[in-house]
Amino acid sequence: MFKMSSYHLDHLQYLETEAIHVMREVAAEFERPALLFSGGKDSICLLRLAEKAFRPSDLPMPFLNVETGHEFPELLEFRDRRAKELGAKLIVRTVDEAFKKGIAHPTPGQVSRNQLQIPVLLAAIEEFQFDCAIGGARRDEEKARAKERFFSFRDSFGQWDPKNQRPEIWNLYNAKLNPGENMRVFPLSNWTEMDVWEYIKKEKLEVPNIYFSHERECFRRGGQWIPIPPPHGDSSKPDPYAGARPKPNEPVKKLVVRVRTIADMISTGMIESPADSVEDIIAEVAAARVTERGTRADDKASEAAMEDRKKAGYF
Amino acid sequence: MSHSQHPIELLRFNTCGSVDDGKSTLIGRLLYDSKNLMEDQIEALERSADITGGGMINLANLTDGLRAEREQGITIDVAYRYFATPKRKFIVADTPGHVQYTRNMVTGASTANLSIVLVDARQGVIEQTRRHTFIAALLGIPHLVIAVNKMDLVEWKEERYQEIRDEIEAFLPKLGAFRDVKFIPMSALDGDNVVDLSKKTPWYDGPSLLSHLETVHIASDRNLNAFRFPVQWVNRPNNPTDQKLHDFRGLSGQIASGIVRKGQEVVVLPAGIKTKVADIWTYDGSLDEAFCPQSVTLCLEHDIDISRGDMLVGVDSLPGRSSELSGRVCWMHARPLSPGKKYFLKHATQTVQAIVTKLDSRINMTTLEADPDPAALGINDIGGIRLKTAKPVIFDGYTTNHLTGAFILIEQGTNATVAAGMLTAPTEAAKPEYSDFAI
Ligand SMILES: Nc1nc2c(ncn2[C@@H]2O[C@H](COP(=O)(O)OP(=O)(O)OP(=O)(O)O)[C@@H](O)[C@H]2O)c(=O)[nH]1
Ligand SMILES: [Mg+2]
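If you read the sequences in order, they're chains A and B.
Heads up, the first sequence is in the working numbering, so the first residue is 80 and it goes up one at a time.
Heads up, the second sequence is in the working numbering, so the first residue is 185 and it goes up one at a time.
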């Protein structure tokens with residue numbers, strides 16, 4: 080027998096049980112939920128939490144991923160393999176496809192397709208009639224996200240209205256929707272970057288190897304080390320990475336690097352790091368002097384870059 | 185899940201109080217002085233200072249993350265921040281002071297176990313100070329800190345601090361609920377008594393805010409009394425090929441209070457059937473026992489019809505079961521609460537239709553007394569109401585069990601969350617005609 084005082088959850092166990100509760104609420108309250116799985120570290124934690132919430136049953140929701148076409152190949156391989164291992168259905172919608180269908184249009188002068196994920200995501204939600212999408216966003220990532228609810232209501236245009244969010248009291252989540260509306264749900268709301276890595280360590284979760292230190296050719300742009308994109312194979316087609324290749328005045332260097340956060344190849348700055356194990360990464364995060372999103376070009380656009388994207392329907 | 189001996193404790197707290205009392209500044213100061221800010225966050229602060237602050241950095245911008253908030257210099261919605269010291273981890277909710285956004289204050293406070301109510305030393309106690317302190321008490325937040333802020337603007341006079349303290353201590357007994365209350369004189373702007381003790385308050389012999397947050401006793405806040413397990417999701421693999429999985433029938437949920445052991449007798453409510461826990465299933469293997477707030481899947485000895493919204497409880501202390509409820513609500517919508525109107529009531533894991541049958545009282549925020557028989561409850565009002573539900577609800581009083589004593593009201597049609605409610609304890613326990621399960 081344990082003494083009364085030993086009935087105690089440490090902070091990771093507390094975050095875990097909170098997240099499991101949120102996931103089960105989704106399964107119980109929504110008709111057609113989906114789980115946004117990119118292969119990144121946060122969504123890797125989501126998968127383990129989904130297993131803990133729903134096993135021994137099958138996961139009661141498909142995975143959904145919006146591909147910009149600029150992903151690290153390692154990430155896509157990992158994403159497909161994990162979905163298969165878990166017996167989950169993986170739905171992929173791509174920006175390239177959306178161009179062809181006229182759902183999205185290339186933005187002149189804009190290389191990054193980050194923004195273009197929004198119409199593709201909204202179209203996928205409509206196509207499959209998803210009423211809820213679970214995402215791995217965390218409040219500690221960014222100051223607009225710090226404002227978001229676990230259950231984040233989106234109107235029929237997919238928009239977030241930060242000045243008029245539903246109150247969210249205790250763990251009583253209001254999941255009611257009218258037709259066309261949907262919900263984004265964030266089980267990791269209260270997790271920090273450190274919590275994510277500690278959880279990965281505790282659960283022995285596999286992560287794509289780009290999180291670990293490796294040699295890679297990079298070039299300097301906007302104060303960041305940007306990875307050299309894969310070579311342009313089929314020259315009869317336009318180069319998907321046009322604009323994201325080093326210019327003559329941007330010398331290429333072979334460096335020992337890893338990613339701290341993954342967007343697409345174009346907006347992910349690589350950090351110089353020798354960390355080649357989860358333990359090393361935890362030590363690095365503990366000593367970090369800049370935030371995780373300090374390495375992402377998409378957030379540096381303006382003070383309110385994230386807020387604006389979220390209002391338009393971003394994750 | 186292991187019973188580790190010295191886990192790092194997590195304290196969830198929120199700041200509240202009237203508009204401009206310095207809540208956001210205080211959190212900025214806490215993060216800054218405890219070295220929990222990163223270089224790019226400091227750079228961003230400095231950049232915005234050049235544009236808007238005449239060179240002075242504005243610590244409130246750390247949590248005021250929305251464009252509209254920075255433009256107006258006010259907080260509109262809760263911001264959550266995370267930081268740690270070697271002693272504890274913290275989740276902070278910075279809530280707005282503006283009366284218009286009281287619903288967001290309630291949102292941020294509802295998950296806190298400590299509330300910091302700020303008072304502007306120049307203004308002293310005003311209605312919003314009382315309202316927020318009242319709400320903190322109503323929500324059953326056990327620990328309270330009164331931060332007498334902007335002491336720099338009253339020349340650090342002990343008499344002023346004492347005046348404010350006396351005024352608050354005079355009304356605290358009316359609220360009753362707090363386990364401990366701490367008064368701290370400070371300047372959030374300059375950092376006095378926030379992380380480090382200040383030389384400007386030789387007359388103050390208490391701890392700095394941070395050292396209080398690191399040491400306040402929270403281990404007994406958890407509810408390990410009567411076992412309550414609201415069924416959240418029925419776990420049925422329906423696997424046609426694997427025989428063991430085919431017969432698996434689990435009840436998934438989060439333990440709302442108490443402890444459950446393998447082999448223990450439980451009662452299924454509202455059915456009133458007694459059975460035993462055959463297994464406490466988790467992804468990490470079976471457990472011999474589990475406790476609040478773990479999320480588990482319970483398998484029972486008998487195959488009983490159970491669905492989401494039902495509750496498993498311990499046999500020794502039964503909750504109430506009634507379709508006539510009374511309690512207090514914070515009303516959070518511009519459309520007033522009208523008796524006779526139908527709402528959805530979400531309680532634990534079930535949502536039922538409910539009609540408000542009577543308004544019993546409305547709290548007067550000046551006197552903190554309950555005025556009887558109000559005509560309506562308007563936005564930000566707190567009052568006592570009675571409800572009739574379409575189906576009986578299995579519940580406890582909020583003061584004994586927050587999770588089985590809380591509810592929200594949802595307006596039909598708009599789906600707006602219009603009230604946070606706290607139930608009065610049941611007058612009698614559910615009396616199931618115990619049928620020991622038999623086939
Ligand atoms: N002199 C002085 N000014 C302070 C102090 N704390 C805050 N202020 C100032 O008071 C003003 C309001 O501060 P905020 O932190 O935005 O107030 P708040 O309580 O968060 O306001 P809302 O969230 O809108 O309710 C700002 O101009 C602060 O610089 C203090 O201790 N001394
Ligand atoms: Mg504020």
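In short, the hints are calculated from the structure, not lab data.
Heads up, some of the hints might be wrong.
[Stated by the list, open to error] List time: in silico DSBU-like cross-link candidates among lysine-lysine, alpha-carbon distance up to 35 Å: (1) Lys271(B) x Lys281(A); (2) Lys384(B) x Lys242(A); (3) Lys280(A) x Lys219(B); (4) Lys542(B) x Lys572(B); (5) Lys242(A) x Lys542(B); (6) Lys280(A) x Lys179(A); (7) Lys271(B) x Lys283(A); (8) Lys384(B) x Lys281(A); (9) Lys428(B) x Lys280(A); (10) Lys283(A) x Lys446(B); (11) Lys168(A) x Lys179(A); (12) Lys341(B) x Lys384(B); (13) Lys390(A) x Lys219(B).
Quick caveat: nothing in here was measured; it's all calculated off a predicted structure.
| query | For this structure, which hints from the list above don't hold up? | reply | Violated: hints 2, 6 and 8.
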